[in-house]
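S.K.: Sequence:
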Amino acid sequence: MSEPSSPTEQVVPVVKEKFHLDILNLSQTSQIQFGIRLQDYQKYRQYCSKRLDRIRGQLRKQYGKKQFINKVTDAKLINDSRYLVIALLKAERAWSYANDLKAAFEKKGDSRIAFHMSRRFSKAASNADQLLMICKEVADQYTIVEAEAYAAWMNSSNSIVKKYYQNALDEISASKQIYVELAKSGDHAQKDLYEKRIEESEPIIRFCLYNLKSKQEPEPSEEIEELLNQLKSSDSNNTSSDQELPMQLITWKSKTIKTDEKLREKLVIYSDYLKANQSKLPQTQSDIQTLDLTKNISQIFEVYDKLVYHLINCENIIKNELSALIRTNLKNKTVKSEIEESSQKILLSFVLYHKCKYLYERNTILIRMMQGVLEGEKVDESAIKKKANKVTYNDLVRLSTHQVKVFTILNDSKDDPTAAQKDVARDNDAQLILLKSQRLFFIGICLSNSHKYSETMSLFDRVLTNLANVKKTNTRNQLILSETSKLEESINQQRSQIHANSFIQQLSTNQDLKNQMSSMSLTSGTTGPTKSLINNLDSFETSFLQEKNLVDLPPQLEPVPVKPLFFDLAFNNVSFPTLDIGKSTPKKSSSTSTPSTPNTQDKSTPSKGLFSSFWGR
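Take the sequence shown: its letters are residues 1 to 617, numbered as in UniProt numbering.
Since the hints were derived computationally from the structure, they do not count as laboratory data. Just so you know, not all the hints are guaranteed correct.
Simulated pairs of lysine-lysine, PhoX-like, Cα-Cα distance not exceeding 25 angstroms [stated by the list, open to error]:
1. LYS18 - LYS107
2. LYS196 - LYS280
3. LYS255 - LYS191
4. LYS191 - LYS319
5. LYS472 - LYS486
6. LYS414 - LYS255
7. LYS436 - LYS357
8. LYS232 - LYS255
9. LYS280 - LYS255
10. LYS76 - LYS43
11. LYS184 - LYS196
12. LYS345 - LYS357
13. LYS405 - LYS472
14. LYS345 - LYS331
15. LYS232 - LYS162
16. LYS378 - LYS390
17. LYS436 - LYS422
18. LYS452 - LYS436
19. LYS422 - LYS357
20. LYS232 - LYS295
21. LYS136 - LYS184
22. LYS43 - LYS107
23. LYS405 - LYS486
24. LYS136 - LYS280
25. LYS262 - LYS275
26. LYS472 - LYS452
Make a model of the complete structure from these sequences and hints.
M.R.: Written as structure tokens, this is what we have:
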């Protein structure tokens, strides 16, 4: 006989782990990848059946004729999240079959097809209700809310087919309100899915209101209101916890993205360092152009380098996560993973923008200092020696090339321009052309130092063309316009110097020109005054007062090969002699002719010869 248990002994209940399932993400991803995008409901139904067989095989729950196995309908027996996937796929399979039958009914109009379609929609709604019942027992709060919205959506589709428009309106309105709250509380990856679902519910609501001849949506039921209140309370708790963490949410390109803990720590380090050293940096481009280059430049460069270092650390973290997401999407792409990938790209553009911004400002100051060193101005040489031991124009070419790349990335990564920022976009285009012109100018000076004067002149012509394009952009930025005018002045100075250097080079290489220049003398000329210019200030040239003949009139006669003047007159009025004399007389017959010797010829017969036709005979 067993001993009775003591009253102090208590049984500790085992708390089961709550399962989580992204219902909308899973259903939307499967629909897009397997036929619904092309309205191929049969393909999607076949996919659902095959996946159900695979999951049941993994769970050892294959139902067949050889061995009887009870279906798992009790929530207490569910010990795996794949049971939730089975319930979801059953609802999706029935829904796709119903839509396939609906398309066939619209073509043929058979009443049996309509009856079968109605049965399939009812099956989809009952499977969705079964999914909701299971989720209420074994799933977390977020999954329960999604299952509630999914079941309401399926029930509204079933009610519309059966023309129960009031019930359909209540269900679709409840689904829409749940998705609205989920869009407010969810992360960025799920938010786009919920907003798309909200847009899809709008025409269904209008259709139900039209059939009911109503203009107002119904209010949510008490059960839905209680569910929404729970969701709002959990959302408020999460929001309060998020507000305590800095750099938890990043807003960029009209998107608010939640960062993970590893990236957030690096961004906090960057933000704290920026706040501590913000006063040491110039705030605008005009401040950079008016910056005193003789003192405290080393400290400014140190701050810029440190900021860029922190942002590079953030960039490496984002790139690693982005590459992992890309590899995952190559194998198994989902709607959620695509949204996460786009979110990581937006975060990367946020980091790249700020990194390139500080690099651009630092390089602008460094280029100014190097130009000052080459022109002999006084600058903070300690900051220059850290970057280069000896400054040459080759260093300026390298820096200006890097500056063009940095500014291009800066434009691509900036926040989305609006209609009010058209002037900013126009100034950015002008600034990019100006940077390329400065780079070509430095390359031209390097070619000039290498005694390649023709190439230098062609480059300077290209620079002047670019500067003309800068003015065509109609930019109103005075800083860009002043830099453009300064560059034009520098080019004109360099062109004059290059002309002189090119002539000297030709003089040293061309022997004939060298001999001509050596033979020139200021005193060897016979014409002109022999006195110096200062002694001829009172003497004036009076030869212009004499008469000068510009043209000799009348001009000298010269033979000109032209047509005779009276040729036509002579041709029309002068009669030519007749040519009848030259015509031959007809021959006499042989009977009347007198015999003669063969060597004799009649004197009346004109003589013929080789040129008789030419002479008219």
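S.K.: Now tell me if each hint is right for this structure.
M.R.: Tested hints:
Between LYS18 and LYS107 the alpha-carbon distance is near 46 angstroms, which puts this suggested pair outside the 25 angstroms criterion. The hinted pair formed by LYS196 and LYS280 fails the criterion: a straight-line CA distance of about 47 angstroms is larger than 25 angstroms. As the CA atoms of LYS255 and LYS191 are separated by approximately 11 angstroms, the hinted pair is consistent with the 25 angstroms bound. Distance restraint check for LYS191 and LYS319: the Cα-Cα separation of roughly 23 angstroms lies within the 25 angstroms cut-off, and the hinted pair is therefore satisfied.
About 17 angstroms separates the Cα atoms of LYS472 and LYS486, which keeps this hinted pair within 25 angstroms; it holds. With a C-alpha separation of about 13 angstroms, the suggested pairing of LYS414 with LYS255 holds against the 25 angstroms cut-off. Proposed proximity of LYS436 and LYS357 is supported: the alpha carbons are some 18 angstroms apart, at most 25 angstroms. Between LYS232 and LYS255 the alpha-carbon distance is near 22 angstroms, which keeps this suggested pair within the 25 angstroms criterion.
A C-alpha spacing of about 31 angstroms is found between LYS280 and LYS255, which places the hinted pair above 25 angstroms, so the restraint is violated. For the hint linking LYS76 to LYS43, the alpha-carbon distance of about 34 angstroms lies beyond 25 angstroms, and the restraint is violated. As the CA atoms of LYS184 and LYS196 are separated by approximately 13 angstroms, the hinted pair is consistent with the 25 angstroms bound. Between LYS345 and LYS357 the alpha-carbon distance is near 18 angstroms, which keeps this suggested pair within the 25 angstroms criterion.
At roughly 23 angstroms between alpha-carbon atoms, LYS405 and LYS472 fall within 25 angstroms of each other, so this suggested pair holds. For the proposed pair LYS345 and LYS331, the alpha carbon gap of about 19 angstroms is at most 25 angstroms, so the pair holds. Between LYS232 and LYS162 the alpha-carbon distance is near 34 angstroms, which puts this suggested pair outside the 25 angstroms criterion. Taking the CA atoms of LYS378 and LYS390, the gap is about 15 angstroms. The hint holds against a cut of 25 angstroms.
For the suggested pair LYS436 and LYS422, the alpha carbons sit about 22 angstroms apart, so the restraint of at most 25 angstroms is met. A threshold of 25 angstroms between alpha carbons decides the hint, and for LYS452 with LYS436 the separation of about 21 angstroms falls inside it, so the pair holds. A threshold of 25 angstroms between alpha carbons decides the hint, and for LYS422 with LYS357 the separation of about 20 angstroms falls inside it, so the pair holds. Restraint check: the Cα-Cα separation between LYS232 and LYS295 comes to about 57 angstroms, which exceeds 25 angstroms; the hinted pair is violated.
Distance check on the hinted pair: LYS136 and LYS184 sit about 22 angstroms apart at the alpha-carbon level, within 25 angstroms; holds. For the proposed pair LYS43 and LYS107, the alpha carbon gap of about 19 angstroms is at most 25 angstroms, so the pair holds. Distance restraint check for LYS405 and LYS486: the Cα-Cα separation of roughly 23 angstroms lies within the 25 angstroms cut-off, and the hinted pair is therefore satisfied. Restraint check for LYS136 and LYS280: not satisfied, since their Cα atoms lie roughly 58 angstroms apart, outside the 25 angstroms limit.
Taken as a hint, the LYS262 and LYS275 pair is honoured in the structure, with Cα atoms around 21 angstroms apart against an allowance of 25 angstroms. This hinted pair does not check out: LYS472 and LYS452 have alpha carbons roughly 31 angstroms apart, beyond 25 angstroms.
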